[in-house]
Every structure is written in structure tokens, then in C-alpha cells.
Amino acid sequence: MSSNIILQVNNLNVWYEDFHAVKGISVGYPEKSISAIIGPSGCGKSTFLRCLNRIYEEVPGAKATGEIILEGKNVLDKSVDPVELRKRIGMVFQKPNPFPAMSILDNVTIGLRLQGIKDKSYLMNVAEQCLRKAALWSEVKDKLHKLGTSLSGGQQQRLCIARALAVNPQVLLMDEPTSALDPIASAKIEDLMSELKKEFTVIVVTHNMQQAARIADYTSFFVLGDLIEHGLSSDIFTNPKEQKTEDYITGRFG
Amino acid sequence: MDISSADLREMVLKMASTVEAMVDNSYKSSVTIQEVFEFENQVNKYHTDIDDHVFKYIALKTPAATDLRIALSVMKINSELERIADQAVNIKRNMKKLGKEYPQLVTLTEEVKMMLQNSIDAFVKLDSKLATDVIQHDHSVNELYRDIMRDFVQAMKDDKVDLDEGFSVIRVAKCLERIGDQTTNIAEDVIFLESGADIRHSADLKFGRRKEDKVKIKGQEDK
Amino acid sequence: MTYLHWRKFKNIAFHASLYLAAVIVLLPLFLIVSYVFKMGASSLNLDFFLAFPKPVGEVGGGMRHAITGTLYLVAIASIISIPTGLLCGIYLSEFGKGKVATLLKFSIDMLTGVPSIIIGIFAYILIVVPLKGFSAMAGGVALSIIILPIVCRSTEEILKLIPQHIREAGLALGLPRWRVILNIVVKGNLSSLITGVMLAISRAAGETAPLLFTSFGNMYLSYRIDEPMASLPVQIYNYAISPFDDWRRQAWAGAFVLITIVLGINLLSRLLVKLGSLRHLIRRGIK
Chain A
1 MSSNIILQVN
11 NLNVWYEDFH
21 AVKGISVGYP
31 EKSISAIIGP
41 SGCGKSTFLR
51 CLNRIYEEVP
61 GAKATGEIIL
71 EGKNVLDKSV
81 DPVELRKRIG
91 MVFQKPNPFP
101 AMSILDNVTI
111 GLRLQGIKDK
121 SYLMNVAEQC
131 LRKAALWSEV
141 KDKLHKLGTS
151 LSGGQQQRLC
161 IARALAVNPQ
171 VLLMDEPTSA
181 LDPIASAKIE
191 DLMSELKKEF
201 TVIVVTHNMQ
211 QAARIADYTS
221 FFVLGDLIEH
231 GLSSDIFTNP
241 KEQKTEDYIT
251 GRFG
Chain B
1001 MDISSADLRE
1011 MVLKMASTVE
1021 AMVDNSYKSS
1031 VTIQEVFEFE
1041 NQVNKYHTDI
1051 DDHVFKYIAL
1061 KTPAATDLRI
1071 ALSVMKINSE
1081 LERIADQAVN
1091 IKRNMKKLGK
1101 EYPQLVTLTE
1111 EVKMMLQNSI
1121 DAFVKLDSKL
1131 ATDVIQHDHS
1141 VNELYRDIMR
1151 DFVQAMKDDK
1161 VDLDEGFSVI
1171 RVAKCLERIG
1181 DQTTNIAEDV
1191 IFLESGADIR
1201 HSADLKFGRR
1211 KEDKVKIKGQ
1221 EDK
Chain C
2001 MTYLHWRKFK
2011 NIAFHASLYL
2021 AAVIVLLPLF
2031 LIVSYVFKMG
2041 ASSLNLDFFL
2051 AFPKPVGEVG
2061 GGMRHAITGT
2071 LYLVAIASII
2081 SIPTGLLCGI
2091 YLSEFGKGKV
2101 ATLLKFSIDM
2111 LTGVPSIIIG
2121 IFAYILIVVP
2131 LKGFSAMAGG
2141 VALSIIILPI
2151 VCRSTEEILK
2161 LIPQHIREAG
2171 LALGLPRWRV
2181 ILNIVVKGNL
2191 SSLITGVMLA
2201 ISRAAGETAP
2211 LLFTSFGNMY
2221 LSYRIDEPMA
2231 SLPVQIYNYA
2241 ISPFDDWRRQ
2251 AWAGAFVLIT
2261 IVLGINLLSR
2271 LLVKLGSLRH
2281 LIRRGIK
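Chains as they are written, first to last, in this note's numbering: chain A, 1 to 254; chain B, 1001 to 1223; chain C, 2001 to 2287.
Quick caveat, the hints were computed from the structure, so don't treat them as lab data. In this text, a Cβ means the ideal position worked out from N, Cα and C, and glycines have one as well. Mixed in with the good hints, there may be bad ones.
[Unchecked claim] Within a straight-line C-alpha distance of at most 25 Å, the following computed DSS-like cross-link-like pairs (lysine-lysine) qualify:
| id | chain 1 | residue 1 | chain 2 | residue 2 |
| --- | --- | --- | --- | --- |
| 1 | C | K2099 | A | K63 |
| 2 | A | K188 | B | K1056 |
| 3 | B | K1056 | A | K244 |
| 4 | A | K95 | C | K2187 |
| 5 | A | K146 | C | K2274 |
| 6 | C | K2097 | A | K78 |
[Unchecked claim] To list a few chain C residues with every Cβ distance to chain A over 10 Å, as calculated:
| id | residue |
| --- | --- |
| 7 | L2018 |
| 8 | L2046 |
| 9 | P2055 |
| 10 | S2078 |
| 11 | T2102 |
[Said to hold, decoys possible] Which residues of chain C face chain A? A few of them, derived with a C-beta cut under 8 Å, are:
| id | residue |
| --- | --- |
| 12 | K2097 |
| 13 | I2166 |
| 14 | E2168 |
| 15 | A2169 |
| 16 | L2171 |
| 17 | L2173 |
| 18 | P2176 |
| 19 | R2179 |
| 20 | N2183 |
| 21 | I2184 |
| 22 | K2187 |
| 23 | N2189 |
Produce the complete structure using the sequences and hints provided.
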């Protein structure tokens, strides 16, 4: 876990029409670490996450100001191509979503294939590597041509992770990746995330603060669009600085 | 932070071996008090580190069942070991004042050293039987201590032994007896860890109070 | 009667009425098919499919020109309307907000409600009058106006079923919007989309009114697009109202063939989806 900040957010504000969803948040994400974002429902954590790869733009009426610095450039700038940005910052969603009517292999390689890469052996190689990183290879290596949707929920989510890894991002955003899964599948994904942080920077939104405590190096606590506290998980969960954080963690509010 | 219950056990075992060395060296005249102080510094560092780690472990990992018992017993054993280290320092301070070797003290020291070793062994192997043996042994160690006390008080009264010398011997014996008590606590923690049973304070019920107290608890037979 | 008995009775009565409704729906279909079969099947022979009509009064001949004509007209209509309908449907489902989309949706809905004869009149004014004659082109255009809203609607409905987060997942991989739409959203539902298209085609194959004064009908087979063209429904109509027994007999046969074609396409499209072979074929084909 280095302290080299790879993604820096400065004074990010997001509005949906007139609703001020994210209020002036500044936070930095170190390389090869896991940072968790916790907070009660509707506190803007998903909105914040979706700004990092500019997927918030899909919602009409969404507007963002401020800076999100990756490799020295502000990704919110109009001159930055969101398509290129998203090759560097990948995303995994809450509900596992393998692409319909596509095999497992096709699902993993689609990001590369649609960029124009046709070399079959190269694609196969990348697919194997990513499925291994997603701890799914041994379970699917004999059925790569079966439909992605034929897998169980937990396996589908790992497939989606492998698919996101295939385009080789630096940062991986995860929006409540285990909330649609049963406890055992969730535990497998958590183990996977602890492995992934050795190679990628992971930012995960979770409504389960025990999960944040278990796996995250850093934790941010949001309430109604404000960043209340950010720091090492070991500090936040043993001795938080803000009263609101303490109240949330001990279950007195939220 | 990636702490596991195995990490906590390892840390406490390292602390234990340092403390065992301290108790060993407290009796040897070849070892200076300065060296013993250095050991004590190490032990104190382990003390704070382990507590900090256990705190973070419980907060972050919300352990349950065995893992939780490991965390709690490590915290307790950690405390006991630190106190044993303190006693070892006191022993060293008083050993300096003694002129000769007293066989009763030697016996007591050996007994207590064995209890300490066994209690740590019991922790390593999660051996409740061994832990129970340690607890039972405390009885005879306490007897030994009272014998020394009686003998040396008498000897001082009879002027057979110098007052300073006598008091120092009694002090050393007291420290050793306390170490014995501490190892008993460790053994109780081991039983808690292994089975979840809290057997503290039931020793009196099991093994009876001192004969000279002449006090009977309901249901206790005259042993 | 106790409350329990009353409830049980209501249950049974409700079930019974559901079954009755199902039977009422199935009955006409069954009756039509069996009656047409009875009347027309005996007249079916190889001649019917391969021969051209004989001169008036003579017995015999076939409807080769009409069968070919129907296929031809449907083909013209498909070429015009299927790509347009698919693209419209994709536009409405993927970019469905805003004034243009609302207007488009409204227009498409209106179009489905226009009587087919009015569509025929429209094609008449548009093509027959300027060209000063009936033509296969006019017929094809009329049918395309019928097919277009059906394809558009079904495409939009099918694509709307895909949850938004699938599209977001595609975008999140660093793929441009159009690729997400084509290679993930559309490709992932190809079989359903094709079913929608096939149903639209089967509907068009059976239309009569719009063809009456556009392609008009022809006793001969001409492959020219600017000349009138025969079609099965129109041919059936012409023969059915004629005074000749032989022609009327052939009309029944034609009716049977038409029903078979329309129902056949319907069943086929559903069967293929079920077997999944369409999916497989498409997948292998597109790769």
C-alpha cells in the first residue's frame, strides 16, 4: 500500500436538476489500495462514484463541477473523452450483469474485441488471466462457450469483474458489488477484492460498514452529499474524529 | 489492516518467550539488572503493540466464536505476562541483596518456572488438561511460599538470619508466588479459549480454601 | 352454504369462465382453419403451385403468379420498412426522451391505427397517380407502411426490457454509445427482434385492401417493379367474386395456402426461438 495518490478529487459538486447531490467533496485515493465509501441511503455515495468515470452523464439533467485529477488531467473537462477515460477507470455494478446471449469467453473479451483486437490467442490469454484474477477460471475453464447468464449469481459477479479487468484499468470502481449476493458468494468477492488491491486501486461503495471495516484500507463517511470524515479504516472504526461518524458506526443513527 | 487471529497468537508467543527468559535471568547472578531492564522494555513494547492490534482486530474484523475468544484471551494473557515481567524485575532487584543461595528459594523458583512454561505450552497446544494441572499446582506453590515465610520470620526472630537478608528472601518468595498466581490466570484464560468456560473463582469451590481459615462453604466437605 | 363452500364455488366459477374464454378464442381459429382446409385442400395439386391461370372459362391452371407476387411484394416492403423500423425502434428505446422522440412515438402509434385501405389510398396518390399506372412498387410501399410501425413498436418494446445497467456496464468498459447499442443491446436480443419482424411480415403477407388499387393484380407474372403485380389475397378476392366455379374452387385453395403461409411464419418464428437454433445460427453467422 503506497501513499502515492493516483486519483485526486477536488471540490466536487454534483446537481441533478436542482438537487444538490454531492457537496464540495475533496479526497485522494492512493495507488494499490482499497477505499470504501459508507453512509446512509441517499447520501450521494453512488453519485460520487459515478462521477469518477463520468457515467453520471447518462442521467439527463446531471451537472458536475470541480476537479477529478487522473494522470495530471481533470477528467471532468469537456476535452477529455469519456470513452478513453473509462478504459482507465472500470466499473462493477450492484446487480451482476453479464451481457445477454453471449458466452462467458465473449463476455470477458468483448471490451478488447470491440476496440478492434482480433488475435484469438491473445484474447484467450487475456481472458484466462482475468478469469484467474477474478478467481473464476477453475470453475469455468471447461465451459467457456456456455452463456454468461448460465452461471450462479456470485459467479456472474466475478465474471463481470473479469470483464472489467480485461481492458486493464488502473482504477476499479465497485458500486455495492455484494449487496445482491448471498453471504458465501459475498465472502468470495471480498477475498477477491483483497487480492485485487495488490494490482489495482479499488474504490468501493458499500452500505455494509462491516464490509468496509473488513477489507478497506481507507474509509470515507458521507451524509447527504457531505464528506464527514475520511481516513484509515483502523482509525475510523476504533476512534473516529467526528461525532456523526461515531453515531453511524455504533448504529445510533442511519 | 490485515490482522488475523493467528497473527495475534504469534505476537503473544513471542512476548511469552521473552518473559520466560526474563524469569530465568532474574535468578542468575551472571545477568545484570541492566540487561533485565532491556528485556523489560521489549516486553512493554509487546504489551502496547498487542493491545493495539487486538483493538483494531476486533473493531475491523468483528470476529466471532473461536476468533473472538482468541482475541480476548490474547489481551488478558498479554496483561498477565506484563505483570510477570514486572515481578521478574523485582526479583532481580532483591536477588542482588542476597548473600547466598537458599535451597527453598531454588525449589520455589523451579516450581514457578515450570508453571510458567506449562501455562504457555497449554496455550500453544490448547491443552485444557495441562492448564488444569497448572491451576492445581498453584496450591503447592502457595504452601511453599508460606513455609518460607514462616521459616524466615522465625529465623529472623531467633536472630539466625540478618533482618535485611531475611526480608529480601521473603520479598523474592512473594514475587515468585505472585508469578505463580499470574500463570494460574493464564491457565484459566487458556481454558476459556479452548472451551469457552469461565472457571475463575471456581477453584476455591473445587479445591477448598486454606485449612487454617477454618471456614466452610455450603456443601464443601472437610478435606 | 357456508363461507368456505361459497368461496370454493366462486373459485371454480372463475376458473370455468377462464377456460370458457380460452375456448371461445380458440374456436374461431380452429373453425376457420378446418373449414378452409375442407374446402380448399382438395384443390391443391402441383399444378396449383406451378401453373399460371388459364384463360377465362377454361378449367385448370394455378396461382403461381399470385404466390410469387406475394413473396415479391413482401420482399419490397421488407427492404423499405424493416431497416427503418428497426432503427426507429432502437432510437425510441435508446434515446427515448425529448420532443422528437415523443412526436415519433405518437406518430407511430397513430400509424398502427390507420385503416389499411386508407394506407392503400395514400400509396395510390403517392405512386400510382404520378406513374400513371398500378405497380408492384406501389403495392410494396403500401405494405411497408403497414409493416413499419409494427416492427418499430416491437423493437422498442423488446429493447426497453433490457435493464439500464447493462448499457451502463457496456459504457463502463470504455465503449462508445453506438457500439453498446449495436453489439450488446441489439445483438443480445436478436432472436426476439427477428420474431417481431417475422410477425410483422406475416401480417403484411395477408393484407388485401391496400393492394387493391396499388399493385392491383395481374393475370400474368411480370418481375418488373413498375407493372401491376398479382398477390395471393387479391387473387383470392377476384376469383371468389367471379361467376366461375373453377375459379371459386381455386380461391378456396388459395385461401388455404394463404392461411398456411401466415400461420406458418408465426409458428416458425416461435419455434425457432424456443429451439434456440436461431440464436445459435445468428451467433455463428455474425462471428
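Here is how each hint holds up against the structure:
{"no.": "1", "hint": "C:K2099 / A:K63", "in the structure": "holds (21 Å)"}
{"no.": "2", "hint": "A:K188 / B:K1056", "in the structure": "holds (23 Å)"}
{"no.": "3", "hint": "B:K1056 / A:K244", "in the structure": "holds (20 Å)"}
{"no.": "4", "hint": "A:K95 / C:K2187", "in the structure": "holds (21 Å)"}
{"no.": "5", "hint": "A:K146 / C:K2274", "in the structure": "holds (17 Å)"}
{"no.": "6", "hint": "C:K2097 / A:K78", "in the structure": "holds (23 Å)"}
{"no.": "7", "hint": "L2018", "in the structure": "holds (33 Å)"}
{"no.": "8", "hint": "L2046", "in the structure": "holds (42 Å)"}
{"no.": "9", "hint": "P2055", "in the structure": "holds (54 Å)"}
{"no.": "10", "hint": "S2078", "in the structure": "holds (24 Å)"}
{"no.": "11", "hint": "T2102", "in the structure": "holds (14 Å)"}
{"no.": "12", "hint": "K2097", "in the structure": "holds (6 Å)"}
{"no.": "13", "hint": "I2166", "in the structure": "holds (5 Å)"}
{"no.": "14", "hint": "E2168", "in the structure": "holds (6 Å)"}
{"no.": "15", "hint": "A2169", "in the structure": "holds (5 Å)"}
{"no.": "16", "hint": "L2171", "in the structure": "holds (6 Å)"}
{"no.": "17", "hint": "L2173", "in the structure": "holds (4 Å)"}
{"no.": "18", "hint": "P2176", "in the structure": "holds (5 Å)"}
{"no.": "19", "hint": "R2179", "in the structure": "holds (5 Å)"}
{"no.": "20", "hint": "N2183", "in the structure": "holds (6 Å)"}
{"no.": "21", "hint": "I2184", "in the structure": "holds (5 Å)"}
{"no.": "22", "hint": "K2187", "in the structure": "holds (7 Å)"}
{"no.": "23", "hint": "N2189", "in the structure": "holds (7 Å)"}
The structure meets every hint from the earlier list without exception.
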